[in-house]
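Here is what each chain is made of, one letter per residue.
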Amino acid sequence: MIQKKICLLGASAVGKTSLIKQYIEGVFSDKYLTTLGVKVDKKQVQLGPREIQLMVWDIEGIDRYCGFQPKYLRGASAFIIVVDHTRSQSLQEGMEIFQLAQETTNIPAVLVINKTDLPEQWHWTEHEVETRSHMFADCFRTSAKTGEQVDAMFQAVARLCMAD
Amino acid sequence: MKSARDLDDEEQLRAVRNIVLGQEREHVLSAIESHARDIVGAVVVEALHDRQKQNDDLSTVFVPLVEKSVEKSVTRHSDQFIGYFYPVVGKLVRKSVAAFLSDVLEKTNTLLENSLSVKGLVWRIKARQAGVSFSQYVAAQTFAYQVEQVFLIDANTGILLNSVARENHSHADADMVSGMLTAINDFVGDSFAHTNNQEEQQLASVKTDDFTLLLQRGPSLVLVAAVTGQAPAQVSQHLQITTENIHRLYAREIEHFNGDTSPFERTTSELRECLVEQLNTPDKKRRPWFAIIVLGAIVLAFIFWLYHTFEQSQLKQQLAMLDSSPGILVRSVTAEGLTDVSLQVLRDPDSQPVSDWLAQQGIRDDRVLVEEKPYLSLERPLVERRIARVVARYPAISLTPGPAGFNLEGQLNRTQLQRLTNELAAIPGVSDAAALTARLDLIQAPTPDRQQSLKAMFDFHAAKIDATQIEFDAGNSDLSERAVSRLTTLNQQLDTAVRLARQLQLSVGLMIMGASDASGSTSFNQQLSQARAQAVRDFLVSQGADPDYLNAVGLGVVEIDAIDGVGARKVMFNLMDFTPEARKEERP
Ligand SMILES: Nc1nc2c(ncn2[C@@H]2O[C@H](COP(=O)(O)OP(=O)(O)OP(=O)(O)O)[C@@H](O)[C@H]2O)c(=O)[nH]1
Ligand SMILES: [Mg+2]
Numbered sequence: 001m002i003q004k005k006i007c008l009l010g011a012s013a014v015g016k017t018s019l020i021k022q023y024i025e026g027v028f029s030d031k032y033l034t035t036l037g038v039k040v041d042k043k044q045v046q047l048g049p050r051e052i053q054l055m056v057w058d059i060e061g062i063d064r065y066c067g068f069q070p071k072y073l074r075g076a077s078a079f080i081i082v083v084d085h086t087r088s089q090s091l092q093e094g095m096e097i098f099q100l101a102q103e104t105t106n107i108p109a110v111l112v113i114n115k116t117d118l119p120e121q122w123h124w125t126e127h128e129v130e131t132r133s134h135m136f137a138d139c140f141r142t143s144a145k146t147g148e149q150v151d152a153m154f155q156a157v158a159r160l161c162m163a164d
Numbered sequence: 001m002k003s004a005r006d007l008d009d010e011e012q013l014r015a016v017r018n019i020v021l022g023q024e025r026e027h028v029l030s031a032i033e034s035h036a037r038d039i040v041g042a043v044v045v046e047a048l049h050d051r052q053k054q055n056d057d058l059s060t061v062f063v064p065l066v067e068k069s070v071e072k073s074v075t076r077h078s079d080q081f082i083g084y085f086y087p088v089v090g091k092l093v094r095k096s097v098a099a100f101l102s103d104v105l106e107k108t109n110t111l112l113e114n115s116l117s118v119k120g121l122v123w124r125i126k127a128r129q130a131g132v133s134f135s136q137y138v139a140a141q142t143f144a145y146q147v148e149q150v151f152l153i154d155a156n157t158g159i160l161l162n163s164v165a166r167e168n169h170s171h172a173d174a175d176m177v178s179g180m181l182t183a184i185n186d187f188v189g190d191s192f193a194h195t196n197n198q199e200e201q202q203l204a205s206v207k208t209d210d211f212t213l214l215l216q217r218g219p220s221l222v223l224v225a226a227v228t229g230q231a232p233a234q235v236s237q238h239l240q241i242t243t244e245n246i247h248r249l250y251a252r253e254i255e256h257f258n259g260d261t262s263p264f265e266r267t268t269s270e271l272r273e274c275l276v277e278q279l280n281t282p283d284k285k286r287r288p289w290f291a292i293i294v295l296g297a298i299v300l301a302f303i304f305w306l307y308h309t310f311e312q313s314q315l316k317q318q319l320a321m322l323d324s325s326p327g328i329l330v331r332s333v334t335a336e337g338l339t340d341v342s343l344q345v346l347r348d349p350d351s352q353p354v355s356d357w358l359a360q361q362g363i364r365d366d367r368v369l370v371e372e373k374p375y376l377s378l379e380r381p382l383v384e385r386r387i388a389r390v391v392a393r394y395p396a397i398s399l400t401p402g403p404a405g406f407n408l409e410g411q412l413n414r415t416q417l418q419r420l421t422n423e424l425a426a427i428p429g430v431s432d433a434a435a436l437t438a439r440l441d442l443i444q445a446p447t448p449d450r451q452q453s454l455k456a457m458f459d460f461h462a463a464k465i466d467a468t469q470i471e472f473d474a475g476n477s478d479l480s481e482r483a484v485s486r487l488t489t490l491n492q493q494l495d496t497a498v499r500l501a502r503q504l505q506l507s508v509g510l511m512i513m514g515a516s517d518a519s520g521s522t523s524f525n526q527q528l529s530q531a532r533a534q535a536v537r538d539f540l541v542s543q544g545a546d547p548d549y550l551n552a553v554g555l556g557v558v559e560i561d562a563i564d565g566v567g568a569r570k571v572m573f574n575l576m577d578f579t580p581e582a583r584k585e586e587r588p
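Which chain is which? The protein sequence lines are A and B, in order.
The UniProt record's numbering puts the first residue of the first sequence at 1, with every later residue one more than the last.
The UniProt record's numbering puts the first residue of the second sequence at 1, with every later residue one more than the last.
There is no bait here: all hints are sound.
Below, computed lysine-lysine pairings styled on BS3-like, alpha-carbon distance capped at 30 Å:
hint: 1; chain 1: A; residue 1: Lys71; chain 2: B; residue 2: Lys207
hint: 2; chain 1: A; residue 1: Lys21; chain 2: A; residue 2: Lys31
hint: 3; chain 1: A; residue 1: Lys71; chain 2: A; residue 2: Lys43
hint: 4; chain 1: A; residue 1: Lys21; chain 2: A; residue 2: Lys42
hint: 5; chain 1: A; residue 1: Lys42; chain 2: B; residue 2: Lys207
hint: 6; chain 1: A; residue 1: Lys43; chain 2: A; residue 2: Lys31
Now the stretches of chain A that chain B is said to cover, found in silico as 3 or more residues with beta-carbon under 8 Å:
hint: 7; segment: 2-11
hint: 8; segment: 39-46
hint: 9; segment: 71-81
Now the in silico label distances, taken between C-beta atoms and shown as ranges:
hint: 10; chain 1: B; residue 1: Ile241; chain 2: A; residue 2: Thr34; range: 40 to 46 Å
hint: 11; chain 1: B; residue 1: Lys68; chain 2: A; residue 2: Thr34; range: 27 to 33 Å
hint: 12; chain 1: B; residue 1: Thr75; chain 2: A; residue 2: Lys43; range: 43 to 49 Å
Calculated from the structure, these hints are not laboratory results.
As the structure is a computational prediction, the values presented were derived from the model and not from experiment.
Where is the CB? At the ideal position from N, CA and C, for every residue including glycine.
Start from the sequences, fold in the hints, and give me the full structure.
This is how it looks when you write it as structure tokens:
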């Protein structure tokens, strides 16, 4: 059995935990319970003929109180930067985390713009978002609430893990 | 290029401006200056607001200014700021560590719990009964320690490469636990890293009430053992050796690890070797002989005591039965020492002696200390016994069993009956003496006439007897033929006289007096007279006379004015009436 480690990074409350919960358990909750440290989950993914097991590391929101811990990325095959399109700042912070991560690793990364069920509420232009997303291996617009694009996103990440 | 005319105009304008505004605009400036504070103060907030609405330029100008000043303030007063933040940050760190650990521990615990089969279930129940935590129980009851499960983890990814558990119960969550453990390890490394110590901090063990996780970290692998009980240092050493071995043996696989855990399945045998345990064999203590002997002695003494107590109580019960024996009242039966019994009784002197009763019951009297006090029993058997004793003095009556116990039967004269009745009435417990004697036959006392004639007949015979004399030859005590025939007649007369005397209730006796003549010495004569009386007595006895009535006396020489004046060689008789005068007066 092939196992791959992936990490979800991003500012607080962008919906990292919610995305994983939606992906693994298929449920969503409006309650906000901030993640402390790391929570590891797993999910079997079918990639064509072979099945792999994703070890999904849900890392606590990175903000000015809680710095980025590059160690959590050790051994990961891919990582996901989650941003929230109802908060301008989240993209800014997401990009900063992305840059920090790239200093320690060159594994592929995916940009996830979450909460698409809510109206867009940031001042970034489509073009600004576009240019930033090009720096990633892939970009998804998801909703942890409706489940939109969640499976597709993780499936893509799994594929990225097996790319090398 | 400006023309001369233009220059001229400019000159003129400046001149006018100088007049109106003053040199260097001093008129206007002075006018504005005096109101500047008021004017700006009134609009500054609104103005900033409006300006910010237009675009972000204002923040662009302000942010660096603010940041600069904050930075300056923090560097200048860093101690103060640390003071402000410390409680908040410290709390945050502690909280996150706790949350972090509790999650992984909870998972590991369920993992362990599930991996313990039926035996585990039994232990679990027992642990609950004992009120201790399950693994404490396991540790205490069975093992000094036991490695329940071993995880081989890739240090980088936290991916579980292999794991083995006791009883082959691998758990689905094991790989998540391993990821979390790695995360914790990373977290610990970061959070508690010492600034001046370059070496990374490593988590060595995680202890909970239920188990201990021992972590052994190699360059690329982490070996984790979940241990119940008190793990000794050897377990860690064992883990370390195993880690080193695996690193050496699987160097290539580790180097090319890409998430494929299958090459590490072969580590199972190495990991299984880490599932060490130490049975909690209670050290064999020397047998506490002294205690055993003392205990044995106590038990024996107890049995001995029990036996004797039983026997004693049996004896006491037996003795209590003495109470039912007539004329005996048992006052108390108490244990005396371990084996003996003290018995206190009231006993009627007429009743069976206690020692007899004990002998009858087969009780050894040395075991019974009898303390006896006399009393008078009115129980029937005792009363009967007393009556019997009185009746025994009356040969003419007998006791016969009858409907009311017994009857008195026989014959008595009035006087005797009266006496008997009085004696019976004096017996305690006899309430109606008259009823007892009711069936006795009363012998009619002789009438005065008959009495007199009897007396006359008695006197007649007595006279005849008194008149009889037996002669002997000189110096001789042999009975002659004549003497024998006379004595035969006398014997008949005596017999009649005695019978008459009995009827007359007289006490009589026959004096047989021997005498001799004066020839010969006095002592010889004395002896001779005695011998003659004795010879007569002997003869009468031989003829059937009652010896009780016969008294032979030697009188010696008796001078009688008889023929020859030589005294008497004879034996004389006197029938005497010994009846006391009182009895004679009683007689009607
Ligand atoms: N409407 C909507 N709400 C969302 C979505 N994803 C997350 N949320 C909500 O956003 C809040 C934060 O979600 P989390 O998943 O806890 O955020 P997080 O990134 O894990 O936060 P930290 O663990 O604190 O870093 C929760 O109240 C969620 O219900 C979404 O797609 N749509
Ligand atoms: Mg979270």
